[in-house]
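J.: Sequence:
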Amino acid sequence: TVINISPSLLFLSYFVVKSGKLLLNALEIMARGLKAAAIVACVSAGTSSAALVRVPISRTNTTTVTDASLAREARNQNPNPNLRGTVSLVGEPTRISVAQGELLKNNQNVGYYGSIEIGTPGQTMEVMFDTGSSNLWVPTWQGSDGKAFYDPSTSSSYGALETTTPFHIAYGSGNVSGVFCRDDVRIGDLDVHDFIFAKVSNTAGLQNWGDMPFDGVLGLGWPALSNGPGPTFLQALQQSGVLDEPVFGFYLAKNAPGQLVFGGVDPLHIASEFTWVDLSEQAWWTVQLDAVTLNGASTLNGAHKAIVDSGTSLLSGPAEDIQAIVQMIGASKMSGGYVVSCQNVPSMSFTFGGVDFTLQPEDLVLQQIGDSCVLGLQEMNVPNNPMWILGDVFMRKFYVQFDFGNARMGFALARSLSDNLV
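Residue numbers (this note's numbering): 1 to 422.
What the hints contain is simulated information worked out from the structure, not anything from laboratory work.
Cβ-Cβ distance ranges computed for the label pairs, FRET-style: (1) Q323 x Q360: 16 to 26 Å; (2) N295 x W141: 50 to 60 Å; (3) A319 x W141: 37 to 47 Å; (4) E273 x Q235: 21 to 31 Å; (5) P383 x S332: 26 to 36 Å; (6) E273 x A407: 14 to 24 Å; (7) G296 x A224: 28 to 38 Å; (8) Q343 x A291: 17 to 27 Å; (9) S153 x S372: 46 to 56 Å.
Idealized CB from N, CA, C, for every residue including glycine.
Given the sequences, and given the hints that come with them, work out the whole structure.
T.: Next comes the structure, spelled out in structure tokens:
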């Protein structure tokens, strides 16, 4: 069995201030082309005891800035006593990204990861929580240091499958491969016993994978994206009956705490009522896209579907739409990203379910240096299947509730840092 995971992992960009100029470096870590290539490959190939469970999750990036005045640190100060687990995302501008328990210090919001435990006794692994894929994979020992590796020989609950089933992910920058196995998996206070996942023995194809703070990926997508044996993690959760509701929600703040919640949502992070939209497909978390509007006037017509994907950092759209935006606002392409005069940054509205979900100019800016702004936009071409991917840029503005029991998503305004501390 060959597994091609479509939108999986993340877009990671490396913004550097050097000699007064803004540069955009591809840190070559499963970056733009990786995710786009994975999507193309997939499309071408084709009784509860708890209320809510908050899962430890952190934010990572590869950004470096020199403006020390931006520095801030937010900590998990007011946990809800009714929730069984605690999640914290912390941002602070610094020259390095360092995970400190459940906290991460960094300066931008380019990728989110958190801790899980596998085996008995539990082995802690850092994984990317990715709504754009549906498999869990973690690495086994490969003769290198600096990463956490799953060691099945030390787990009393480990079990091999009766028939060896290979696991393979094709990325634009190379491949990841291994075999499927089974073991107990814990996320926060959630236990999923005898879960089938992949232990990966070869990550050599992922450029600079060793530099990233996460070890593997936990997919939160639909079964159609998983070609491996056994249920997906969401199916296993639903079958186990450990959740009051078959939902999970992401709160992704900018330079501030955030959380991933299973079994409901945390009202502390919600600033409006939810608008519910039924899925148009059950593979990616996909909705029918009625319109994309720029500055409330210009309409883009390159795609009629949108995917909400926690594993993508940017807003990724069809080339014709992105180029139309670039021309209208006078942006310049720089090392794969787009830079524009900050006074020209537009607003963008995505319409689905009869509602406009609008991102203001400040929501679209990844970083500002002087009068220049780096935009959270990226081209992505999928032959015969144009789409927008609404990544973390969108999910920071809107709290998204993923309802896998009713095949729908709920969207609400997320509370700003000034109104809310985790």
